[in-house]
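Colleague: So you can see what is in the structure, the chains are spelled out below.
2 protein chains.
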Amino acid sequence: MSVVEPQATRTPGAARTAQAFEDWMRAELQVVEARLEAWVPAETPAGLGEAMRYGVLDGGKRLRPLLVLAASEATHGVREAALRAAVSVELIHAYSLIHDDMPCMDNDVLRRGKPTVHVRYGQAQAMLAGDAMQALAFEVLTPQAGEGAVEPALQARLCGLLARSAGHAGMAGGQAIDLASIGKPLDERALRDMHRRKTGALLQASVLMGAACGNCDARAWAALADFGGALGLAFQVVDDILDVTQESHTLGKTAGKDLNDNKPTYVSVLGLEAARRQAADLRDKAQEALRASGLAGTATLAQLADMVVERES
Amino acid sequence: MSVVEPQATRTPGAARTAQAFEDWMRAELQVVEARLEAWVPAETPAGLGEAMRYGVLDGGKRLRPLLVLAASEATHGVREAALRAAVSVELIHAYSLIHDDMPCMDNDVLRRGKPTVHVRYGQAQAMLAGDAMQALAFEVLTPQAGEGAVEPALQARLCGLLARSAGHAGMAGGQAIDLASIGKPLDERALRDMHRRKTGALLQASVLMGAACGNCDARAWAALADFGGALGLAFQVVDDILDVTQESHTLGKTAGKDLNDNKPTYVSVLGLEAARRQAADLRDKAQEALRASGLAGTATLAQLADMVVERES
Numbered sequence: 001m002s003v004v005e006p007q008a009t010r011t012p013g014a015a016r017t018a019q020a021f022e023d024w025m026r027a028e029l030q031v032v033e034a035r036l037e038a039w040v041p042a043e044t045p046a047g048l049g050e051a052m053r054y055g056v057l058d059g060g061k062r063l064r065p066l067l068v069l070a071a072s073e074a075t076h077g078v079r080e081a082a083l084r085a086a087v088s089v090e091l092i093h094a095y096s097l098i099h100d101d102m103p104c105m106d107n108d109v110l111r112r113g114k115p116t117v118h119v120r121y122g123q124a125q126a127m128l129a130g131d132a133m134q135a136l137a138f139e140v141l142t143p144q145a146g147e148g149a150v151e152p153a154l155q156a157r158l159c160g161l162l163a164r165s166a167g168h169a170g171m172a173g174g175q176a177i178d179l180a181s182i183g184k185p186l187d188e189r190a191l192r193d194m195h196r197r198k199t200g201a202l203l204q205a206s207v208l209m210g211a212a213c214g215n216c217d218a219r220a221w222a223a224l225a226d227f228g229g230a231l232g233l234a235f236q237v238v239d240d241i242l243d244v245t246q247e248s249h250t251l252g253k254t255a256g257k258d259l260n261d262n263k264p265t266y267v268s269v270l271g272l273e274a275a276r277r278q279a280a281d282l283r284d285k286a287q288e289a290l291r292a293s294g295l296a297g298t299a300t301l302a303q304l305a306d307m308v309v310e311r312e313s
Numbered sequence: 001m002s003v004v005e006p007q008a009t010r011t012p013g014a015a016r017t018a019q020a021f022e023d024w025m026r027a028e029l030q031v032v033e034a035r036l037e038a039w040v041p042a043e044t045p046a047g048l049g050e051a052m053r054y055g056v057l058d059g060g061k062r063l064r065p066l067l068v069l070a071a072s073e074a075t076h077g078v079r080e081a082a083l084r085a086a087v088s089v090e091l092i093h094a095y096s097l098i099h100d101d102m103p104c105m106d107n108d109v110l111r112r113g114k115p116t117v118h119v120r121y122g123q124a125q126a127m128l129a130g131d132a133m134q135a136l137a138f139e140v141l142t143p144q145a146g147e148g149a150v151e152p153a154l155q156a157r158l159c160g161l162l163a164r165s166a167g168h169a170g171m172a173g174g175q176a177i178d179l180a181s182i183g184k185p186l187d188e189r190a191l192r193d194m195h196r197r198k199t200g201a202l203l204q205a206s207v208l209m210g211a212a213c214g215n216c217d218a219r220a221w222a223a224l225a226d227f228g229g230a231l232g233l234a235f236q237v238v239d240d241i242l243d244v245t246q247e248s249h250t251l252g253k254t255a256g257k258d259l260n261d262n263k264p265t266y267v268s269v270l271g272l273e274a275a276r277r278q279a280a281d282l283r284d285k286a287q288e289a290l291r292a293s294g295l296a297g298t299a300t301l302a303q304l305a306d307m308v309v310e311r312e313s
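These protein sequence lines are chains F and C, in that order.
In terms of my numbering, the first sequence opens at residue 1 and continues consecutively.
In terms of my numbering, the second sequence opens at residue 1 and continues consecutively.
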């Protein structure tokens with residue numbers, strides 16, 4: 001059962017739209033996979049590339065790349081830039097999972113239905129693979145002569161957005177709060193702050209990097225930032241719900257992990273029903289932000305927001 | 001005793017030049033320290049910034065920033081861009097030391113005369129601090145509105161140079177080779193390839209990033225790349241020599257570590273005397289490259305190359 005009632009059962013004519021969205025998603029996922037396949041190096045000394053590829057290919061929902069591409073579509077963005085941005089955010093996401101799974105962090109052995117990178121290749125190689133993937137994200141954003149051209153000012157802007165979402169004020173900062181809050185009671189505000197950084201910052205950056213590839217006035221930019229913020233938080237609320245309501249084989253990762261690790265979650269702080277309502281409210285907030293953007297082509301972004309709250313894994 | 005006979009004993013008039021170099025270095029180090037102090041965040045949630053600051057402030061020779069600034073000087077570079085590049089390379093260097101010292105890698109407890117970051121703050125925080133420092137390097141290279149202005153095309157170029165030197169084909173790749181070669185006999189060629197990546201890539205990038213801040217034609221660029229390559233290798237040869245000839249308290253890190261870890265070094269592969277000759281040859285090669293650059297103001301770069309081979313710690 002999904003966390004929130006599917007859009008398709010609520011809106012007349014939504015089934016046809018849903019099919020178009022499925023088609024869009026399938027086509028874009030193929031492109032993203034092909035770019036990842038091409039850009040994450042197969043030939044490196046000492047098997048580093050093999051560990052990198054293991055950590056990022058053949059798995060994952062690719063939500064962040066899809067957000068980049070949908071936001072770029074909504075702003076008539078430059079395709080090559082958007083594809084590079086899409087791959088870069090997925091590389092940052094994948095590196096964070098590799099490091100997060102390590103014994104000194106969450107000590108998880110299962111990810112996307114496979115043994116985690118450190119289980120397969122050892123801790124040292126896993127750490128290096130993550131480090132190299134973070135660097136690779138910025139390599140992808142700065143194509144050299146002979147690679148696909150992206151206007152230098154846009155390269156710089158994308159690098160700046162990505163770095164700030166991944167760093168101390170964003171993802172890495174959120175992970176530090178996560179670490180420090182194990183076994184501690186957090187109120188909803190502190191929990192929200194942690195997740196805004198840990199998960200939300202990169203999801204929001206995905207939307208904004210896509211928008212940066214196109215034409216986006218200040219009003220649309222602010223609205224897309226709101227959209228990305230609400231969607232990022234909704235994603236985490238749903239994650240916390242799925243952690244207690246689904247089995248490991250459905251999730252492709254260890255279920256009940258947060259509870260066992262004594263980590264505060266939306267479910268432990270709010271209770272299951274209030275968490276479900278929170279997810280639905282955040283979806284509504286995200287949709288409202290899209291309407292406020294004044295952009296014409298935001299249907300795909302709206303469907304991605306639905307997907308985030310309606311997913312079952 | 002220094003590894004290679006000091007320049008000052010060989011060249012008439014060199015003592016006066018040496019004083020000017022000392023003055024330049026003292027002044028520039030102050031500027032670099034002040035920028036690091038300002039840009040590595042003190043206020044972050046969950047103590048992440050504290051671990052980052054511990055890992056990069058109050059220590060280190062700052063060779064990489066000095067190379068950036070000297071190369072920028074030689075090419076009449078934009079000062080703000082060069083300072084940002086200088087800080088960014090030091091952040092990458094410092095993050096690599098934090099990760100390298102961790103138990104799953106070199107398991108070292110002493111660095112710059114202090115307990116290593118994971119000893120002081122725990123492994124998880126050390127890994128996150130390193131991750132956040134890599135991101136911060138790219139934040140520093142992409143100043144936002146209200147921060148010091150750097151032309152966007154230059155921002156993009158600096159990000160590209162830094163990412164490629166830090167990633168799978170550069171530093172991280174070299175570390176993977178290092179890991180894989182413990183206890184294995186390497187010939188000189190394989191050892192050189194490892195060090196060109198592990199240490200050399202970032203040192204060379206420091207020179208080139210400095211040059212990118214200024215005016216540098218293709219001939220000068222190629223010559224500076226040669227200079228950076230030779231200097232990078234010389235640095236490592238000297239490091240290997242010092243590892244067996246100096247005490248821990250002089251080095252500020254554990255002496256004899258490579259030998260104990262059964263790692264191939266220039267000393268173990270070539271022997272001590274041949275390693276000293278190699279260092280001197282590489283210094284000469286570096287100086288020759290500077291002459292070939294056609295640039296007028298390379299005296300400081302030349303003195304940095306001397307310093308690299310003549311250092312005692």
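None of these hints come from the bench; they were simulated from the model.
Careful, some of the hints might be misleading.
No copy is singled out in the list; a pair is fine if it fits within one copy or between any two copies.
[As the list claims (entries may be wrong)] Computed list of lysine to any residue pairs in SDA-like fashion (alpha-carbon distance at most 25 Å, straight line):
#1 257 with 123
#2 285 with 274
#3 257 with 189
#4 184 with 43
#5 257 with 122
#6 114 with 297
#7 285 with 108
#8 114 with 20
#9 61 with 257
#10 184 with 47
#11 257 with 222
#12 184 with 23
#13 257 with 21
#14 61 with 27
#15 285 with 112
#16 184 with 18
#17 114 with 312
#18 184 with 38
#19 184 with 79
#20 114 with 302
#21 184 with 19
#22 285 with 146
#23 114 with 217
#24 285 with 271
#25 184 with 27
#26 114 with 219
#27 184 with 37
Colleague: Now tell me, hint by hint, if it's right for this structure.
Modeller: Do the hints match the structure? See the list:
no. : hint         : result
1   : 257 with 123 : both (21 Å within a copy, 21 Å between copies)
2   : 285 with 274 : within (16 Å within a copy, 69 Å between copies)
3   : 257 with 189 : within (22 Å within a copy, 47 Å between copies)
4   : 184 with 43  : between (45 Å within a copy, 21 Å between copies)
5   : 257 with 122 : both (22 Å within a copy, 22 Å between copies)
6   : 114 with 297 : neither (37 Å within a copy, 56 Å between copies)
7   : 285 with 108 : neither (33 Å within a copy, 49 Å between copies)
8   : 114 with 20  : neither (31 Å within a copy, 60 Å between copies)
9   : 61 with 257  : within (20 Å within a copy, 44 Å between copies)
10  : 184 with 47  : between (40 Å within a copy, 16 Å between copies)
11  : 257 with 222 : neither (35 Å within a copy, 53 Å between copies)
12  : 184 with 23  : neither (44 Å within a copy, 52 Å between copies)
13  : 257 with 21  : neither (32 Å within a copy, 58 Å between copies)
14  : 61 with 27   : within (14 Å within a copy, 51 Å between copies)
15  : 285 with 112 : neither (30 Å within a copy, 50 Å between copies)
16  : 184 with 18  : neither (42 Å within a copy, 57 Å between copies)
17  : 114 with 312 : within (19 Å within a copy, 49 Å between copies)
18  : 184 with 38  : neither (44 Å within a copy, 32 Å between copies)
19  : 184 with 79  : neither (45 Å within a copy, 47 Å between copies)
20  : 114 with 302 : neither (31 Å within a copy, 52 Å between copies)
21  : 184 with 19  : neither (44 Å within a copy, 57 Å between copies)
22  : 285 with 146 : neither (43 Å within a copy, 31 Å between copies)
23  : 114 with 217 : neither (43 Å within a copy, 50 Å between copies)
24  : 285 with 271 : within (21 Å within a copy, 69 Å between copies)
25  : 184 with 27  : neither (44 Å within a copy, 47 Å between copies)
26  : 114 with 219 : neither (43 Å within a copy, 50 Å between copies)
27  : 184 with 37  : neither (41 Å within a copy, 32 Å between copies)
In summary, the structure is inconsistent with hints 6, 7, 8, 11, 12, 13, 15, 16, 18, 19, 20, 21, 22, 23, 25, 26, 27 from the numbered list given earlier, while agreeing with the others.
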